[in-house]
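Using the sequences and the accompanying hints, generate a full structural model.
Residue numbers (our numbering), protein chains in the order written: chain A, 13 to 238; chain B, 287 to 548.
Accuracy of the hints is not assured; some may be wrong.
Claimed, not checked - To give an idea of the chain B side of the interface with chain A (calculated C-beta under 8 Å), a few residues:
hint	residue
1	ASN354
2	LEU356
3	ILE369
4	ARG382
5	ARG383
6	MET387
7	PHE389
8	HIS397
9	LEU406
10	VAL411
Said to hold, decoys possible - 30 Å max Cα-Cα, derived DSS-like pairs, lysine-lysine:
hint	chain 1	residue 1	chain 2	residue 2
11	A	LYS179	A	LYS27
12	A	LYS137	B	LYS324
13	A	LYS137	B	LYS410
In short, the hints are calculated from the structure, not lab data. Note that CB positions come from ideal geometry on N, CA and C, so glycine has one too.
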Amino acid sequence: MGGFENFLFSFFNLKVMATYLPLIAQGLGLTIVLALLIVVSGLALGLGLAMLRACGIRPLNWLIIFTVDLFRALPPLVIIVLLFFGLPAMGLGMSSFAATWLSLTLVLMAFAEEIYWAGITAVPKGQWEAARSTGLGFFQTLRLVVLPQALRITIPPLTNRTIAITKGTALGSVVGVAEILGASQSAMSFSANPSPLTLGAIAYLVLFIPVVALGRWVETRFAWKR
Amino acid sequence: MTSPAPSPSRGAPAPGLGRPIVDARGLWKRYGPLAVLKGVDLSVAERELVFIIGPSGSGKSTLLRCLNRLEEPDDGSIHVDGIELLSPRTDINAARRRIGMVFQSFNLYPHMTARQNVMLALRKVLRQDRAQAEAVAARALERVGLAERMDHFPAQLSGGQQQRVAIARAIALEPRVMLFDEPTSALDPELVGGVLNVMRELRQDGMTMVVVSHEMAFARAAADRVVFMADGEKLEEGPPAQIFGEPRHERTRAFIRQIDRH
Numbered sequence: 013m014g015g016f017e018n019f020l021f022s023f024f025n026l027k028v029m030a031t032y033l034p035l036i037a038q039g040l041g042l043t044i045v046l047a048l049l050i051v052v053s054g055l056a057l058g059l060g061l062a063m064l065r066a067c068g069i070r071p072l073n074w075l076i077i078f079t080v081d082l083f084r085a086l087p088p089l090v091i092i093v094l095l096f097f098g099l100p101a102m103g104l105g106m107s108s109f110a111a112t113w114l115s116l117t118l119v120l121m122a123f124a125e126e127i128y129w130a131g132i133t134a135v136p137k138g139q140w141e142a143a144r145s146t147g148l149g150f151f152q153t154l155r156l157v158v159l160p161q162a163l164r165i166t167i168p169p170l171t172n173r174t175i176a177i178t179k180g181t182a183l184g185s186v187v188g189v190a191e192i193l194g195a196s197q198s199a200m201s202f203s204a205n206p207s208p209l210t211l212g213a214i215a216y217l218v219l220f221i222p223v224v225a226l227g228r229w230v231e232t233r234f235a236w237k238r
Numbered sequence: 287m288t289s290p291a292p293s294p295s296r297g298a299p300a301p302g303l304g305r306p307i308v309d310a311r312g313l314w315k316r317y318g319p320l321a322v323l324k325g326v327d328l329s330v331a332e333r334e335l336v337f338i339i340g341p342s343g344s345g346k347s348t349l350l351r352c353l354n355r356l357e358e359p360d361d362g363s364i365h366v367d368g369i370e371l372l373s374p375r376t377d378i379n380a381a382r383r384r385i386g387m388v389f390q391s392f393n394l395y396p397h398m399t400a401r402q403n404v405m406l407a408l409r410k411v412l413r414q415d416r417a418q419a420e421a422v423a424a425r426a427l428e429r430v431g432l433a434e435r436m437d438h439f440p441a442q443l444s445g446g447q448q449q450r451v452a453i454a455r456a457i458a459l460e461p462r463v464m465l466f467d468e469p470t471s472a473l474d475p476e477l478v479g480g481v482l483n484v485m486r487e488l489r490q491d492g493m494t495m496v497v498v499s500h501e502m503a504f505a506r507a508a509a510d511r512v513v514f515m516a517d518g519e520k521l522e523e524g525p526p527a528q529i530f531g532e533p534r535h536e537r538t539r540a541f542i543r544q545i546d547r548h
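Printed below as a string of structure tokens:
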């Protein structure tokens, strides 16, 4: 066999690919479910923390900043491994799926909080003053005047962070989540051929190219005339 | 509500006007070691137009911003329409409905059209239904001459038009008093007139107004009383003819000479 044929046999082995396509399709489904859960819970928690921080209660804000810095500093894989292997030692076992979900949610929460917070502080103080001077309360002002402006400027960095963190679902393979990479690795072992990895890569492209395009669309959709 | 009736001796409104709408006594405001307001009194009668002038850093904007508690005074009392603003029992949001404010930088909500800017507080503070709020907003925008621009976003309006929308946003709530914080300072000269015209009409309709501004010609023509402030104190006050014509205080004289040169 020549080098190129060798390469084709290893990475584009159609027979192997056909055999393991269902397994990797399942992995794709699991990745989508996991990613959606992480994105929804991470972005919601991040927004909640940023809104709490906007209240300006100092001890609470120290706690928020500490938590956020902690989860931004730790590598996501370390958190996953700690939760999956560490918590059972404390009698708090969780499934590999739950450990991955929770870990990446906390990381996305931390980054998203910082992004939302930057957006909130970027809204001029005059906007607060104008709204409050008409009798709107703090939370009304935050929700109706400040957040709509803050969210628009946070969409590009949030999109980036969201894409990055959902790609982190591949880390779940380390603790045995059968998402795309996990399924591809199993298939690779069963078949003694790395072609399933190619399938996995294609599955990631199928999943993320639309996400990236959606992010672009959202950015233009929510830009307003300046 | 529990404080004594305003004494006529301090910060007295011009004679012949109604009861005081704004009655601020002994206002102190400090930023660290710097005292920006040093026990200032200000009383404004119903339908009165009071102009506050003075060099920058004199505390005039701070005084104005205390009158709706955007700035929290360290000491003193403020009654607006009989409500003690600084009392912890006062619902400040309810009180602010009665106090309209217009800012130097307009501060329109950029994500809302002119009409939506005016409607927001009507809907969320006065709890009007959509149809009613739309009608009230349309009337307010008509009053400032912007009926044709209701569905424009702030960025599609000139500075003068934006400021008139901001005035409409405030008057739509039917405040008892309007506070103007340098309303024309951010405008190109040719746009100032439109805003001053709207203010003149408000005055003719009997609106009580407190204006911090450098528009001396407007003060001369329209103000009932001019207050001159310097270094956090009210140095003198009186009818415009007196303040501009024969100021008693040397600092007032120097300030007016300097302004008139422009």
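Tested hints:
{"no.": "1", "hint": "ASN354", "verdict": "6 Å, holds"}
{"no.": "2", "hint": "LEU356", "verdict": "5 Å, holds"}
{"no.": "3", "hint": "ILE369", "verdict": "13 Å, violated"}
{"no.": "4", "hint": "ARG382", "verdict": "4 Å, holds"}
{"no.": "5", "hint": "ARG383", "verdict": "4 Å, holds"}
{"no.": "6", "hint": "MET387", "verdict": "4 Å, holds"}
{"no.": "7", "hint": "PHE389", "verdict": "6 Å, holds"}
{"no.": "8", "hint": "HIS397", "verdict": "5 Å, holds"}
{"no.": "9", "hint": "LEU406", "verdict": "6 Å, holds"}
{"no.": "10", "hint": "VAL411", "verdict": "4 Å, holds"}
{"no.": "11", "hint": "LYS179(A) with LYS27(A)", "verdict": "28 Å, holds"}
{"no.": "12", "hint": "LYS137(A) with LYS324(B)", "verdict": "26 Å, holds"}
{"no.": "13", "hint": "LYS137(A) with LYS410(B)", "verdict": "20 Å, holds"}
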